[in-house]
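Keeping their order, the protein sequence lines are chains A and B.
In my numbering, each residue's number is its place in the first sequence (first place is 1) plus 103.
In my numbering, each residue's number is its place in the second sequence (first place is 1) plus 23.
Heads up, a few of these hints could be off.
[What the hints assert, rightly or not] One side only, chain A facing chain B, incomplete, derived with CB under 10 Å: (1) Lys-110; (2) Ser-133; (3) Glu-139; (4) Val-175; (5) Glu-181.
[As the list claims (entries may be wrong)] Derived lysine-lysine pairs resembling PhoX-like cross-links, with alpha carbons at most 25 Å apart: (6) A:Lys-185 <-> B:Lys-200; (7) B:Lys-79 <-> B:Lys-105; (8) A:Lys-117 <-> B:Lys-272; (9) B:Lys-105 <-> A:Lys-185; (10) B:Lys-272 <-> A:Lys-166; (11) B:Lys-79 <-> B:Lys-62; (12) A:Lys-110 <-> A:Lys-185; (13) A:Lys-166 <-> A:Lys-117; (14) A:Lys-108 <-> B:Lys-311.
[Unchecked claim] Partial selection, computed: residues in chain A whose CB lies under 7 Å from chain B: (15) Ser-106; (16) Glu-123; (17) Gln-142.
Don't read these hints as lab results, they were simulated from the structure.
We put the beta carbon where it would ideally sit given N, CA and C, even for glycine.
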Amino acid sequence: MKSPKEKWWSRARKARAELEARFLHHPEVSMIDLGEDPQAASAAPVLRLHVRHRGVALAGVPKDLQGIPVRVIYGSYELQNK
Amino acid sequence: MIIDKRTLAHARLALREAARNFLFDPNVHLIDFGYPIQKGHLNESELAIRFHVREKLSNVALETAAETGQTRPIPAAIGGFKTDVPQAKYGLHYTGSWGNFQPRVEPRAGRAEIMRGGISISNEYQYTYGTLGGLVIDRATGAEMMLSNWHVLVGRWGARPGQRILQAGLGDGGTYKDVAATLVRDAMSANLDAAVAALNGKRGLLNQQLGLKPVTGIARAELGMDVVKSGRKTGVTYGRVTAIEGIAKMNYDRIERIIRHVITIEPRRSFEEVSAGGDSGSWWLETKSMAAVGLHFAGSNAPERALANDMQSVLNALNVAIAV
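Okay, chain A solo, but in the shape it has when bound (with noise of 0.2 Å):
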């Protein structure tokens, strides 16, 4: 994947810091990032929101946000010591 322009990451810290505003406090939440489009649908990274379960509907999750797409994945994650 071909890293965009520093313009475009401007605007997605600035996407990412309001959908952290929205959404890291809901308990269902593990995670955002800016990464590769789980759909393979977009050439640029896309804002992803990481579930604890498969299958969970987040109320009022954008399409997206200031043109970056928004894509909810399942990954819930441990601490790896043993």
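Dock chain B against chain A, hints included.
Here is chain B on its own, set in the frame of chain A:
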């Protein structure tokens, strides 16, 4: 022969079915997926589910053994794959006599007289283990330190600087004789799962990663970057950066914390493992340059993903530099 993902997935299902039905057969030693043996040679143009038996029985002997419940006939195919039944006996590869038998110590799990990244470590209170990430230098004093995670070196909200760090970790049988360092500071207040401990001078720590070349410096993770790590649990594994600039919520000693500057790493190919419990603290390095890009701290098995803190953010927060 290159096996495509679909075939491999089907083979795994077939292997599971075979193991469920035949692995407890006393005549079956091993079940695997590979080339069948035909006329004494491996046929590399075919693939089969292979049942390695202790003794290949004639038809009459097989019928008798089956009737008495000693074994069962193996079907001609399982899960769409032909079966093959080679005869083989396998033994453990140890040396020496039973009188002075010494169990083999896994090099990542045991005490290392000369330490390097990728080996077992823990604090003195938690019966766990994580990974010693590598050697860093205090930017203020020049002191040599080891870098790993908060949850490996600190572990508890009540912990104080001076807490002892064991190599090998307690969970790997380490004791107070194995103290290698003492906790100095951590970066949890900067939303990073990272901490450093000063070496006590009894054992050296090399700028090396077990099973890899020395670390050459530092780099920023980029989408699509190929990375590698050396960890206590899964050893040397490879992955690909699929996301950056993440913000995660994790539980530390029963308190939820926000962790920032998160890099997501996924396998380069399906079915590969990138990390597991015990790898916390290992360093993700750019495969091409061996420059450090991330400090591993968490992961998930399904889907297989590893999470790491951006290395530059970690080093800045802890005021240390990688020793090269």
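Results for each hint:
1. Lys-110: violated (15 Å)
2. Ser-133: Hint on A:Ser-133: holds, closest Cβ of chain B at ~6 Å, below 10 Å.
3. Glu-139: Check passed: Cβ of A:Glu-139 comes within 5 Å of chain B, closer than 10 Å.
4. Val-175: Hint violated; A:Val-175 Cβ to chain B Cβ min 14 Å, cut 10 Å.
5. Glu-181: holds (6 Å)
6. A:Lys-185 <-> B:Lys-200: The given pair, whose Cα atoms are some 21 Å apart, holds under the 25 Å limit.
7. B:Lys-79 <-> B:Lys-105: holds (17 Å)
8. A:Lys-117 <-> B:Lys-272: The given pair, whose Cα atoms are some 19 Å apart, holds under the 25 Å limit.
9. B:Lys-105 <-> A:Lys-185: violated (40 Å)
10. B:Lys-272 <-> A:Lys-166: holds (23 Å)
11. B:Lys-79 <-> B:Lys-62: holds (15 Å)
12. A:Lys-110 <-> A:Lys-185: violated (42 Å)
13. A:Lys-166 <-> A:Lys-117: holds (16 Å)
14. A:Lys-108 <-> B:Lys-311: Roughly 23 Å between the alpha carbons, so the hint for A:Lys-108 and B:Lys-311 holds.
15. Ser-106: Interface hint status for A:Ser-106: holds (6 Å vs cutoff 7 Å).
16. Glu-123: holds (6 Å)
17. Gln-142: violated (13 Å)
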